[in-house]
Amino acid sequence: MTDNKDAVLSVRGLKVDFTTPDGDVNAVKGIDLDVLPGETLAVVGESGSGKSQTMMGIMGLLAQNGRVAGSAKYRGKELVGLSTKALNEVRGSKITMIFQEPMTSLDPLYTIGRQIAEPIVHHKGVSFKQAKVRVLELLKLVGIPEPERRINSYPHEMSGGQRQRVMIAMALANEPDLLIADEPTTALDVTIQAQILDLLRDLQKRFGMAIVLITHDLGVVKHFAERVVVMRRGEVVEKGTIKDIFERPQEDYTKMLLAAEPSGSKSAPEDKAPIMLEGRNVTVDFAIGGGFFTSAHTRFRAVDGVTVRLKQRQTIGIVGESGSGKSTLGRALLRLLPSNGQYHFENKNISGFDRAAMRPLRRELQLVFQDPYGSLSPRQTVGEIITEGLLIHEPQLSRADRDKRAIAALKEVGLDPGARNRYPHEFSGGQRQRIAIARAMILKPKVVILDEPTSALDRSVQGQVIELLRDLQAKHDLSYIFISHDLAVIKAMSDYVIVMKSGKIVEEGQTDDIFDAPQHDYTKTLIGAAFDLD
Amino acid sequence: MFHFVLRRLASAVPTLFIVVTISFFLMRFAPGGPFNLERPLPPATMENLMKAYHLDQPLWNQYLQYLKNAVTGDFGPSYIYKDNTIAELIGKGLPYSVELGFYALLLALFGGVIVGTIAALRQNSFLDFLIMSVATIGVTVPNFVVGPVLTLIFAVLLSLLPAGGWGDGSWRFLILPMIALALPQLAVFARLTRGSMIEGLHTDHIRTARAYGLPPRTVVITHAMRGALLPVVSYLAPCAAALLTGSAVVETIFTIPGVGRYFVLGAINRDYTLVMGTVVLVAIFVIVFNLVVDILYGLLDPRVRHD
Chain A
998 MTDNKDAVLS VRGLKVDFTT PDGDVNAVKG IDLDVLPGET LAVVGESGSG
1048 KSQTMMGIMG LLAQNGRVAG SAKYRGKELV GLSTKALNEV RGSKITMIFQ
1098 EPMTSLDPLY TIGRQIAEPI VHHKGVSFKQ AKVRVLELLK LVGIPEPERR
1148 INSYPHEMSG GQRQRVMIAM ALANEPDLLI ADEPTTALDV TIQAQILDLL
1198 RDLQKRFGMA IVLITHDLGV VKHFAERVVV MRRGEVVEKG TIKDIFERPQ
1248 EDYTKMLLAA EPSGSKSAPE DKAPIMLEGR NVTVDFAIGG GFFTSAHTRF
1298 RAVDGVTVRL KQRQTIGIVG ESGSGKSTLG RALLRLLPSN GQYHFENKNI
1348 SGFDRAAMRP LRRELQLVFQ DPYGSLSPRQ TVGEIITEGL LIHEPQLSRA
1398 DRDKRAIAAL KEVGLDPGAR NRYPHEFSGG QRQRIAIARA MILKPKVVIL
1448 DEPTSALDRS VQGQVIELLR DLQAKHDLSY IFISHDLAVI KAMSDYVIVM
1498 KSGKIVEEGQ TDDIFDAPQH DYTKTLIGAA FDLD
Chain B
7 MFHFVLRRLA SAVPTLFIVV TISFFLMRFA PGGPFNLERP LPPATMENLM
57 KAYHLDQPLW NQYLQYLKNA VTGDFGPSYI YKDNTIAELI GKGLPYSVEL
107 GFYALLLALF GGVIVGTIAA LRQNSFLDFL IMSVATIGVT VPNFVVGPVL
157 TLIFAVLLSL LPAGGWGDGS WRFLILPMIA LALPQLAVFA RLTRGSMIEG
207 LHTDHIRTAR AYGLPPRTVV ITHAMRGALL PVVSYLAPCA AALLTGSAVV
257 ETIFTIPGVG RYFVLGAINR DYTLVMGTVV LVAIFVIVFN LVVDILYGLL
307 DPRVRHD
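Chains as they are written, first to last, in this note's numbering: chain A, 998 to 1531; chain B, 7 to 313.
So here's chain A without its partners, still in its complex pose (with noise of 0.2 Å):
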């Protein structure tokens, strides 16, 4: 294929290497793609497809094992093989982007005015002071208040959207021609996201830049861009319009991709189902500030007189954004975290039990983490893992007898027995997922709570791991509460839905309700952020 000449970024050949002691990775298997000028093209794909990385190794970002080969012209001038000073020219002014990680991409000892003018001193040459002017046009642009006194706060004392904001402000502050965003609304709540995707259209159409913008969420790319190209470890798999991905893909992964959707629905546990766990106006408070010869100088409420009923077989979802008290709601719940409120289990008053009167209740009592990666120790096999709360709430089991039932744990999860002998890092985020489960299931739990399970996992895996759970649940009778941010998994795992905000309940109900007539503003607008994008 030739070069297309109109294009602003055309990619030919494209080539990332990875060096590891085990050896080589190929990341990036000679990919050809073009970016017009003013258009939006999304780059999809699962992790590991490269999709990143493509756009790092044309930056000159990689990691330092990492090698790019092939070509690709930013209007007909060749990037690949640039050095760093010749391609200084180019990032930060003809091409600028922007990150998923906006808590971690801007540096914390800095302002964020000093961090936005920093592209244009070094661009243009022009002093801190001059740039300062540009800096307040920029911030007002991007839709941050009070410009004058924010440009001299920390990345800090902003909330993830603004610093969002703020990173788009740098991106467009030399004007650029195309503007790469990788992954930018992942790591934000549904209403900020489509926020920051509105004011990233908007600004589009006023400067006319190209936009690359890689994601995994399909959603987003329904709704933002013009052409798609679908990639898989490494290659293109599918490239073409919107209509043409949506309507009538042509490869089966496309098809997987989109049907990877969450699907299915859960039934409402009979009437006369006991109720496993209750809790009553839980109310959860922190304190804020305050040390060793002072007082806390304030409490912040997270959980404000909650009362949460989970009865047998039944799954609540609760859901909210960041802050909305949802994950305090469910470590209360277990009594991990001091708390206010009545609380039962299975008819019995657990509202004063102590650390001690509550761990033979623990195992019936179980807890699975977001993260699959941070929560299994790096240093225990995974046999070693699963089968700790065996040690302590069944201590006459011999090592034989536990082994076994680690073999049948891991067997349930789906996954191969083997496992046992190895560890975590040697297992993908879904397989952890499934590892972390194993762990509460091989106590037998009565009521186990989620706290988004699904949240770190890709779509296509996220369905697997939604499947086994609901598996379970009907072999076992179990009872869950599931918190996620994720409406679509809500949807599809739970009966009951609690949607969250400030500490509060702001609606709850069977979860067709919710979804089909929503009540409250709040609820309307989550919804709408998140199922609009379809």
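Hints were generated in silico from the structure; no laboratory data involved. For each residue, glycine too, the CB sits at the ideal point set by N, CA and C. Some hints could be false.
[Said to hold, decoys possible] Here are the computed lysine to aspartate or glutamate pairs in the DMTMM-like style, where the Cα-Cα straight-line distance is at most 25 Å:
id, chain 1, residue 1, chain 2, residue 2
1, A, Lys1126, B, Asp307
2, A, Lys1472, A, Asp1301
3, A, Lys1129, B, Asp134
[To be verified] Stretch by stretch, here's where chain B covers chain A in the computed footprint (C-beta under 8 Å, at least three residues):
id, segment
4, 1053 to 1059
5, 1093 to 1101
6, 1115 to 1126
Chain A is fixed; fit chain B onto it per the hints.
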């Protein structure tokens, strides 16, 4: 900021009190005493001495008396340097030790940070390997070996620098003891800097800086190094204490009239007041440097700023 410093200084008082109390009683419970010599003194002489220094009083009385005097700045007479009070001894020696320690600290800090940064930027190269090997040697070879070797080369063989003494206090007398004292600390700073720079260079905001075409020097110095200095800065306080106490050997080798030798002599001779004096001195040093570190920390990192 002012209130923060005041609060910290106020909280130093109970810390000092605890340090004084523990070391006072530890010292007294250790066997032996200041007048237990190889050839025992006649009982009558012993009794007189004990009386003269109030050592015949109950321990509690001695302790309270010591506290009372210490508050007024009177740390008592030395038992072995009989004509001197502790305040005089330390007052005479401290300027030498502080000057030597100050330059050694500067050398260790700047040398370590520069060398560690170079190693981090050339990670896993020959240069990195070389720097880190030398740093390991710097930590492991004791300064009673480094000192004489330096003297041998630069004073005896090359006759470039004086072999010891303080002379007129010019830099020529300072340079060898400063290197001998600084070397182990320089090695620690180099290792700390290398580690946190390598970590720092892989953070997302460094990627952002690169993606925006900032020149490599700006990326490294403005963005990576400032963050990488945080763990380095927190080592300043233990380092200052180590330089002060580590000066015992170096000052002896280079015959510098500092306070270093009192740490050793006081303990060996059970010179209670001298040991207490040096303990209080080191404690004050550590407290002050910890305060300095916290203020520096606030300057470097807006997230922990004290207002």
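We went through each hint and held it up to the structure:
With a C-alpha separation of about 23 Å, the suggested pairing of Lys1126(A) with Asp307(B) holds against the 25 Å cut-off. Taken as a hint, the Lys1472(A) and Asp1301(A) pair is broken in the structure, with Cα atoms around 35 Å apart against an allowance of 25 Å. Restraint check: the Cα-Cα separation between Lys1129(A) and Asp134(B) comes to about 40 Å, which exceeds 25 Å; the hinted pair is violated. Counting residues of the segment 1053 to 1059 of chain A whose beta carbon lies closer than 8 Å to any beta carbon of chain B gives 3, which meets the minimum of three for the stated coverage.
Coverage of the segment 1093 to 1101 of chain A by chain B holds in this model, with 5 residues showing a Cβ closer than 8 Å to a Cβ of that chain against a need of three. Judged by the Cβ-Cβ criterion of 8 Å, the segment 1115 to 1126 of chain A is covered by chain B as claimed, because 4 of its residues qualify and three suffice.
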